[in-house]
Amino acid sequence: MSAIKNQGSCEEFEILDTLRYDSNFSLLVAGSENLKALTYSEVDNMLQLEQNESGYNFFGNASIEVNDLKNFTEGHEGHGTELLLLLNAGFLNSPKLISTVANDKSLTEIISKRFLFLRQHLNRINAALGVFEGNFRLSFGEVMQILIDALMEQYDTSLSYHDRLLKILNSSQVHKVRLLVTLEHKVKAELHPLPFFQDTIINPTKYFINSILSGFLEWKEACWDLFLDGLPTAGRFPFSTFKTTARKPYDEARNRLFKMAKNYRNGADDTSKCEVLLYNEKGEIMEGSITNIAVLSKNKSEDGTPRYITPYLSSGCLCGTMRYYLLKKGLISEGHVMTNDIKKGDTVLLFNGVMGCVKGIIRE
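Going by UniProt numbering, the final residue of the sequence shown carries number 364, and the count climbs one at a time with no gaps.
Since the hints were derived computationally from the structure, they do not count as laboratory data.
In this text, a Cβ means the ideal position worked out from N, Cα and C, and glycines have one as well.
You may find that some hints are simply not true.
[As the list claims (entries may be wrong)] Derived pair list, reagent style DSS-like, types lysine-lysine, alpha-carbon separation capped at 25 Å: (1) Lys186 <-> Lys262; (2) Lys344 <-> Lys259; (3) Lys262 <-> Lys359; (4) Lys262 <-> Lys282; (5) Lys273 <-> Lys176; (6) Lys36 <-> Lys206; (7) Lys259 <-> Lys359; (8) Lys188 <-> Lys248; (9) Lys186 <-> Lys273; (10) Lys259 <-> Lys167; (11) Lys248 <-> Lys282; (12) Lys262 <-> Lys167; (13) Lys176 <-> Lys248; (14) Lys273 <-> Lys359; (15) Lys343 <-> Lys262; (16) Lys96 <-> Lys186; (17) Lys206 <-> Lys262; (18) Lys186 <-> Lys206; (19) Lys113 <-> Lys259; (20) Lys344 <-> Lys262; (21) Lys273 <-> Lys220; (22) Lys273 <-> Lys259; (23) Lys220 <-> Lys36; (24) Lys186 <-> Lys282; (25) Lys167 <-> Lys105; (26) Lys359 <-> Lys343; (27) Lys96 <-> Lys206; (28) Lys96 <-> Lys167; (29) Lys206 <-> Lys343; (30) Lys359 <-> Lys298; (31) Lys188 <-> Lys113; (32) Lys359 <-> Lys176; (33) Lys220 <-> Lys359; (34) Lys220 <-> Lys188; (35) Lys105 <-> Lys220; (36) Lys344 <-> Lys273; (37) Lys176 <-> Lys186.
[To be verified] For each label pair, taking beta carbons as the anchor points, the in silico distance ranges come out as: (38) His162 <-> Pro232: 32 to 38 Å; (39) Gln173 <-> Met338: 40 to 46 Å; (40) Cys223 <-> Ser139: 37 to 43 Å.
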(Lines of atoms letter the chains of each structure in order from A and count residues from 1; the text may use other names and numbers.)
(Lines give C-alpha, C1' and ligand atoms only; values in the text may rest on other atoms or scores of the structure.)
Protein backbone atom coordinates (compact mmCIF):
# COMPACT_ATOMS: atom_id res chain seq x y z
CA MET A 1 0.00 0.00 0.00
CA SER A 2 1.07 3.60 -0.49
CA ALA A 3 0.62 6.53 1.87
CA ILE A 4 -0.99 9.54 0.25
CA LYS A 5 1.60 12.30 0.04
CA ASN A 6 -0.59 15.36 -0.46
CA GLN A 7 -3.36 17.12 1.42
CA GLY A 8 -1.72 16.18 4.72
CA SER A 9 -3.45 12.81 4.81
CA CYS A 10 -1.94 9.56 6.05
CA GLU A 11 -4.69 7.49 4.46
CA GLU A 12 -3.39 4.43 2.61
CA PHE A 13 -4.41 3.79 -0.97
CA GLU A 14 -3.65 2.04 -4.21
CA ILE A 15 -4.25 3.34 -7.72
CA LEU A 16 -7.19 1.33 -9.01
CA ASP A 17 -8.38 0.57 -12.50
CA THR A 18 -11.31 -1.64 -13.48
CA LEU A 19 -11.78 -2.86 -17.02
CA ARG A 20 -13.67 -5.50 -18.96
CA TYR A 21 -12.16 -8.65 -20.45
CA ASP A 22 -14.60 -10.11 -22.95
CA SER A 23 -13.79 -13.10 -25.15
CA ASN A 24 -16.55 -12.08 -27.55
CA PHE A 25 -14.65 -9.00 -28.75
CA SER A 26 -12.19 -11.15 -30.77
CA LEU A 27 -13.07 -14.72 -31.69
CA LEU A 28 -11.19 -17.51 -33.41
CA VAL A 29 -13.06 -18.91 -36.38
CA ALA A 30 -13.92 -22.56 -35.71
CA GLY A 31 -11.30 -24.99 -36.97
CA SER A 32 -8.52 -22.42 -37.36
CA GLU A 33 -6.66 -23.09 -34.10
CA ASN A 34 -3.47 -25.16 -33.73
CA LEU A 35 -2.43 -24.30 -37.30
CA LYS A 36 0.41 -22.13 -38.58
CA ALA A 37 -2.21 -19.56 -39.56
CA LEU A 38 -5.56 -18.69 -38.03
CA THR A 39 -8.57 -16.54 -38.75
CA TYR A 40 -10.46 -14.47 -36.22
CA SER A 41 -13.25 -11.94 -36.17
CA GLU A 42 -13.28 -8.63 -34.30
CA VAL A 43 -15.35 -5.49 -33.76
CA ASP A 44 -15.88 -3.23 -36.79
CA ASN A 45 -13.32 -0.41 -37.16
CA MET A 46 -16.03 2.24 -36.96
CA LEU A 47 -16.68 1.21 -33.35
CA GLN A 48 -13.01 1.07 -32.37
CA LEU A 49 -10.67 3.86 -31.34
CA GLU A 50 -7.59 4.49 -33.46
CA GLN A 51 -4.47 2.51 -32.52
CA ASN A 52 -2.65 5.72 -31.51
CA GLU A 53 -5.63 6.97 -29.47
CA SER A 54 -4.25 6.67 -25.93
CA GLY A 55 -6.98 8.61 -24.11
CA TYR A 56 -7.30 11.96 -22.34
CA ASN A 57 -4.59 14.51 -23.06
CA PHE A 58 -2.75 14.61 -19.75
CA PHE A 59 0.02 16.89 -21.05
CA GLY A 60 2.73 14.27 -20.88
CA ASN A 61 1.71 13.28 -17.34
CA ALA A 62 3.37 16.41 -15.96
CA SER A 63 2.04 18.15 -12.87
CA ILE A 64 -1.71 18.29 -13.42
CA GLU A 65 -3.77 20.85 -11.57
CA VAL A 66 -7.51 21.11 -11.12
CA ASN A 67 -7.68 24.07 -13.54
CA ASP A 68 -6.28 21.84 -16.30
CA LEU A 69 -9.34 19.60 -16.25
CA LYS A 70 -11.23 21.68 -18.79
CA ASN A 71 -8.61 20.83 -21.40
CA PHE A 72 -8.27 17.07 -20.91
CA THR A 73 -10.77 16.06 -23.57
CA GLU A 74 -9.77 16.56 -27.18
CA GLY A 75 -12.29 17.10 -29.98
CA HIS A 76 -14.42 14.12 -30.95
CA GLU A 77 -14.42 12.50 -34.37
CA GLY A 78 -17.65 14.20 -35.38
CA HIS A 79 -19.71 11.30 -36.73
CA GLY A 80 -21.84 10.63 -33.67
CA THR A 81 -25.13 11.23 -35.46
CA GLU A 82 -24.16 8.92 -38.31
CA LEU A 83 -22.97 6.25 -35.87
CA LEU A 84 -26.15 6.51 -33.81
CA LEU A 85 -28.28 5.97 -36.92
CA LEU A 86 -26.16 2.98 -37.96
CA LEU A 87 -26.44 1.41 -34.51
CA ASN A 88 -30.23 1.51 -34.56
CA ALA A 89 -30.54 0.51 -38.22
CA GLY A 90 -28.42 -2.62 -37.72
CA PHE A 91 -25.96 -1.75 -40.50
CA LEU A 92 -22.90 -2.72 -38.42
CA ASN A 93 -23.81 -6.36 -37.87
CA SER A 94 -21.50 -7.97 -40.46
CA PRO A 95 -18.51 -9.79 -38.94
CA LYS A 96 -15.01 -8.54 -39.74
CA LEU A 97 -12.58 -11.41 -40.48
CA ILE A 98 -8.78 -11.19 -40.18
CA SER A 99 -6.14 -13.82 -40.96
CA THR A 100 -2.77 -13.93 -39.21
CA VAL A 101 0.07 -16.28 -38.28
CA ALA A 102 -0.41 -18.41 -35.17
CA ASN A 103 2.68 -17.42 -33.16
CA ASP A 104 2.65 -16.24 -29.55
CA LYS A 105 2.89 -12.57 -30.55
CA SER A 106 -0.22 -12.77 -32.75
CA LEU A 107 -2.16 -14.77 -30.16
CA THR A 108 -1.31 -12.18 -27.51
CA GLU A 109 -2.43 -9.38 -29.83
CA ILE A 110 -5.80 -11.07 -30.36
CA ILE A 111 -6.22 -11.48 -26.60
CA SER A 112 -5.31 -7.82 -26.05
CA LYS A 113 -8.32 -6.82 -28.18
CA ARG A 114 -10.56 -8.43 -25.56
CA PHE A 115 -9.61 -5.87 -22.90
CA LEU A 116 -11.96 -2.93 -23.39
CA PHE A 117 -10.05 0.35 -23.89
CA LEU A 118 -6.83 -1.10 -22.44
CA ARG A 119 -4.56 1.64 -23.83
CA GLN A 120 -6.83 4.34 -22.43
CA HIS A 121 -6.85 2.64 -19.02
CA LEU A 122 -3.05 2.48 -19.09
CA ASN A 123 -2.85 6.17 -19.99
CA ARG A 124 -4.99 7.03 -16.95
CA ILE A 125 -2.93 4.83 -14.62
CA ASN A 126 0.29 6.50 -15.75
CA ALA A 127 -1.25 9.96 -15.38
CA ALA A 128 -2.29 9.03 -11.83
CA LEU A 129 1.25 7.83 -11.11
CA GLY A 130 2.49 11.24 -12.20
CA VAL A 131 0.02 13.09 -9.98
CA PHE A 132 0.74 10.89 -6.96
CA GLU A 133 4.50 11.26 -7.47
CA GLY A 134 5.27 7.71 -8.54
CA ASN A 135 8.78 7.37 -9.96
CA PHE A 136 7.87 4.88 -12.72
CA ARG A 137 5.39 4.37 -15.54
CA LEU A 138 3.85 1.14 -16.79
CA SER A 139 4.41 0.03 -20.38
CA PHE A 140 1.74 -1.64 -22.49
CA GLY A 141 3.84 -4.81 -22.70
CA GLU A 142 4.30 -4.99 -18.92
CA VAL A 143 0.58 -4.61 -18.21
CA MET A 144 -0.37 -7.03 -20.98
CA GLN A 145 1.93 -9.71 -19.54
CA ILE A 146 0.43 -9.24 -16.06
CA LEU A 147 -3.05 -9.68 -17.54
CA ILE A 148 -2.02 -12.75 -19.57
CA ASP A 149 -0.47 -14.31 -16.45
CA ALA A 150 -3.72 -13.73 -14.53
CA LEU A 151 -5.74 -15.42 -17.28
CA MET A 152 -3.28 -18.34 -17.40
CA GLU A 153 -3.65 -19.13 -13.68
CA GLN A 154 -6.75 -21.21 -14.41
CA TYR A 155 -4.88 -23.60 -16.72
CA ASP A 156 -2.48 -26.49 -16.05
CA THR A 157 1.09 -25.19 -15.81
CA SER A 158 2.35 -28.40 -17.43
CA LEU A 159 0.95 -27.09 -20.72
CA SER A 160 3.26 -25.02 -22.89
CA TYR A 161 2.91 -21.24 -22.91
CA HIS A 162 1.60 -21.43 -26.49
CA ASP A 163 -1.02 -24.03 -25.60
CA ARG A 164 -2.23 -21.96 -22.66
CA LEU A 165 -2.60 -18.96 -24.97
CA LEU A 166 -4.77 -21.12 -27.22
CA LYS A 167 -6.80 -22.23 -24.19
CA ILE A 168 -7.46 -18.59 -23.36
CA LEU A 169 -8.43 -17.81 -26.95
CA ASN A 170 -10.85 -20.73 -27.14
CA SER A 171 -12.58 -20.07 -23.83
CA SER A 172 -15.82 -18.08 -23.55
CA GLN A 173 -15.22 -15.79 -20.61
CA VAL A 174 -16.13 -12.31 -19.45
CA HIS A 175 -14.32 -10.82 -16.45
CA LYS A 176 -14.26 -7.63 -14.49
CA VAL A 177 -10.54 -6.99 -14.07
CA ARG A 178 -9.22 -4.98 -11.13
CA LEU A 179 -5.71 -3.61 -11.63
CA LEU A 180 -4.14 -2.42 -8.38
CA VAL A 181 -0.93 -0.39 -8.59
CA THR A 182 1.17 0.92 -5.70
CA LEU A 183 3.73 3.70 -5.80
CA GLU A 184 6.35 1.02 -5.05
CA HIS A 185 5.73 -0.55 -8.50
CA LYS A 186 3.68 -3.48 -7.26
CA VAL A 187 0.96 -4.41 -9.75
CA LYS A 188 -1.76 -6.99 -9.15
CA ALA A 189 -4.56 -8.14 -11.46
CA GLU A 190 -7.75 -9.65 -10.04
CA LEU A 191 -10.33 -11.42 -12.24
CA HIS A 192 -14.01 -11.51 -11.28
CA PRO A 193 -16.31 -13.50 -13.62
CA LEU A 194 -19.26 -11.65 -15.16
CA PRO A 195 -22.40 -13.13 -16.74
CA PHE A 196 -22.94 -12.53 -20.43
CA PHE A 197 -25.43 -13.32 -23.16
CA GLN A 198 -23.96 -15.15 -26.13
CA ASP A 199 -25.75 -14.97 -29.49
CA THR A 200 -26.38 -18.19 -31.37
CA ILE A 201 -24.36 -16.76 -34.28
CA ILE A 202 -21.22 -15.20 -32.85
CA ASN A 203 -20.56 -11.72 -34.19
CA PRO A 204 -18.20 -9.41 -32.23
CA THR A 205 -19.61 -6.22 -33.79
CA LYS A 206 -23.22 -7.08 -33.02
CA TYR A 207 -22.21 -8.27 -29.56
CA PHE A 208 -20.32 -5.03 -28.85
CA ILE A 209 -23.35 -2.94 -29.82
CA ASN A 210 -25.79 -4.99 -27.73
CA SER A 211 -23.55 -5.29 -24.67
CA ILE A 212 -21.49 -2.07 -24.59
CA LEU A 213 -23.64 0.47 -26.45
CA SER A 214 -27.12 -0.77 -25.51
CA GLY A 215 -27.96 2.59 -23.91
CA PHE A 216 -28.13 4.13 -27.39
CA LEU A 217 -30.46 1.50 -28.86
CA GLU A 218 -33.97 2.89 -29.21
CA TRP A 219 -35.62 -0.48 -28.56
CA LYS A 220 -33.73 -1.03 -25.30
CA GLU A 221 -35.75 0.04 -22.26
CA ALA A 222 -34.23 1.74 -19.23
CA CYS A 223 -33.43 -0.89 -16.61
CA TRP A 224 -31.65 1.05 -13.82
CA ASP A 225 -33.24 3.05 -11.00
CA LEU A 226 -31.46 6.37 -10.35
CA PHE A 227 -31.69 8.58 -7.28
CA LEU A 228 -30.32 12.06 -6.66
CA ASP A 229 -28.11 12.03 -3.56
CA GLY A 230 -29.40 13.83 -0.49
CA LEU A 231 -26.04 15.45 0.26
CA PRO A 232 -23.40 17.15 -1.89
CA THR A 233 -20.07 15.42 -2.46
CA ALA A 234 -16.96 17.56 -2.34
CA GLY A 235 -14.79 17.07 -5.42
CA ARG A 236 -11.42 16.09 -3.93
CA PHE A 237 -8.85 16.47 -6.71
CA PRO A 238 -7.01 14.33 -7.67
CA PHE A 239 -8.98 11.52 -6.00
CA SER A 240 -12.21 12.46 -7.78
CA THR A 241 -10.43 12.62 -11.15
CA PHE A 242 -8.43 9.39 -10.90
CA LYS A 243 -9.61 6.06 -9.55
CA THR A 244 -8.05 4.84 -6.30
CA THR A 245 -9.05 2.60 -3.40
CA ALA A 246 -9.66 5.76 -1.31
CA ARG A 247 -13.41 5.72 -1.91
CA LYS A 248 -14.97 6.88 1.37
CA PRO A 249 -17.21 9.64 -0.14
CA TYR A 250 -18.50 7.18 -2.76
CA ASP A 251 -19.10 4.40 -0.23
CA GLU A 252 -21.07 6.82 1.95
CA ALA A 253 -23.16 7.88 -1.06
CA ARG A 254 -23.86 4.24 -1.90
CA ASN A 255 -25.05 3.60 1.65
CA ARG A 256 -27.54 6.44 1.22
CA LEU A 257 -28.47 5.00 -2.17
CA PHE A 258 -29.34 1.60 -0.73
CA LYS A 259 -31.78 3.22 1.71
CA MET A 260 -33.48 5.15 -1.11
CA ALA A 261 -33.62 2.08 -3.34
CA LYS A 262 -35.06 -0.09 -0.56
CA ASN A 263 -37.77 2.50 0.09
CA TYR A 264 -38.59 2.78 -3.62
CA ARG A 265 -38.66 -1.00 -4.01
CA ASN A 266 -41.10 -1.46 -1.12
CA GLY A 267 -38.58 -2.72 1.38
CA ALA A 268 -36.84 -5.21 -0.90
CA ASP A 269 -33.15 -5.69 -0.13
CA ASP A 270 -32.29 -5.99 -3.82
CA THR A 271 -29.62 -3.37 -4.58
CA SER A 272 -28.91 -4.45 -8.16
CA LYS A 273 -29.21 -1.99 -11.04
CA CYS A 274 -29.50 1.13 -8.92
CA GLU A 275 -27.24 4.18 -8.88
CA VAL A 276 -26.96 7.48 -7.03
CA LEU A 277 -26.21 10.76 -8.82
CA LEU A 278 -23.58 12.82 -7.03
CA TYR A 279 -23.41 16.62 -7.16
CA ASN A 280 -20.92 19.15 -5.82
CA GLU A 281 -21.45 22.11 -3.53
CA LYS A 282 -22.29 24.32 -6.55
CA GLY A 283 -25.21 22.07 -7.43
CA GLU A 284 -23.42 20.62 -10.48
CA ILE A 285 -24.11 16.98 -11.22
CA MET A 286 -20.77 15.13 -11.23
CA GLU A 287 -21.32 11.44 -11.88
CA GLY A 288 -22.70 8.28 -10.32
CA SER A 289 -20.98 6.43 -7.50
CA ILE A 290 -19.63 3.79 -9.91
CA THR A 291 -20.43 5.37 -13.28
CA ASN A 292 -20.07 8.46 -15.41
CA ILE A 293 -23.39 9.86 -16.61
CA ALA A 294 -24.97 11.83 -19.44
CA VAL A 295 -28.38 13.49 -19.40
CA LEU A 296 -30.70 13.98 -22.34
CA SER A 297 -30.43 17.52 -23.65
CA LYS A 298 -33.56 19.56 -24.32
CA ASN A 299 -31.97 20.56 -27.63
CA LYS A 300 -31.78 17.78 -30.23
CA SER A 301 -29.25 17.54 -33.05
CA GLU A 302 -30.05 19.20 -36.38
CA ASP A 303 -31.34 15.90 -37.78
CA GLY A 304 -33.57 15.29 -34.77
CA THR A 305 -31.45 12.65 -33.03
CA PRO A 306 -31.12 12.96 -29.23
CA ARG A 307 -28.15 14.74 -27.66
CA TYR A 308 -26.67 13.62 -24.37
CA ILE A 309 -24.59 15.92 -22.14
CA THR A 310 -21.97 14.63 -19.71
CA PRO A 311 -20.60 16.86 -16.92
CA TYR A 312 -17.21 18.52 -17.39
CA LEU A 313 -14.28 16.92 -15.58
CA SER A 314 -14.00 20.16 -13.63
CA SER A 315 -17.29 19.29 -11.90
CA GLY A 316 -15.41 16.61 -9.96
CA CYS A 317 -16.15 13.50 -12.02
CA LEU A 318 -13.83 10.63 -12.93
CA CYS A 319 -11.96 10.80 -16.23
CA GLY A 320 -13.68 7.58 -17.29
CA THR A 321 -12.51 5.54 -20.26
CA MET A 322 -16.04 4.84 -21.50
CA ARG A 323 -16.77 8.57 -21.14
CA TYR A 324 -13.73 9.31 -23.31
CA TYR A 325 -14.82 6.77 -25.93
CA LEU A 326 -18.34 8.21 -26.18
CA LEU A 327 -16.95 11.75 -26.50
CA LYS A 328 -14.50 10.73 -29.22
CA LYS A 329 -17.26 8.97 -31.15
CA GLY A 330 -19.47 12.03 -30.88
CA LEU A 331 -22.21 10.13 -29.05
CA ILE A 332 -22.17 12.55 -26.09
CA SER A 333 -20.98 16.12 -25.50
CA GLU A 334 -19.59 17.95 -22.46
CA GLY A 335 -21.52 20.63 -20.63
CA HIS A 336 -22.74 21.91 -17.27
CA VAL A 337 -25.44 19.71 -15.73
CA MET A 338 -27.20 21.13 -12.68
CA THR A 339 -29.43 19.35 -10.17
CA ASN A 340 -32.41 21.37 -11.36
CA ASP A 341 -31.81 20.10 -14.91
CA ILE A 342 -33.14 16.65 -13.99
CA LYS A 343 -36.51 15.54 -12.72
CA LYS A 344 -38.41 12.37 -11.90
CA GLY A 345 -38.91 10.19 -14.97
CA ASP A 346 -35.96 11.56 -16.95
CA THR A 347 -33.77 9.13 -18.88
CA VAL A 348 -30.07 9.22 -18.00
CA LEU A 349 -27.19 7.28 -19.55
CA LEU A 350 -24.86 5.45 -17.15
CA PHE A 351 -21.52 4.13 -18.34
CA ASN A 352 -18.19 2.75 -17.21
CA GLY A 353 -15.40 0.62 -18.62
CA VAL A 354 -16.88 -2.65 -17.35
CA MET A 355 -20.61 -2.57 -18.07
CA GLY A 356 -20.54 -0.20 -21.05
CA CYS A 357 -23.51 2.15 -21.47
CA VAL A 358 -27.04 1.54 -20.14
CA LYS A 359 -30.21 3.59 -19.58
CA GLY A 360 -31.64 4.58 -16.23
CA ILE A 361 -34.69 6.47 -14.98
CA ILE A 362 -34.71 9.15 -12.27
CA ARG A 363 -36.79 7.96 -9.30
CA GLU A 364 -37.79 9.55 -6.01
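Looking back at the numbered hints, which does the structure fail to meet, lowest number first?
-> 1, 4, 6, 9, 10, 12, 16, 17, 18, 19, 23, 24, 29, 34, 35, 38
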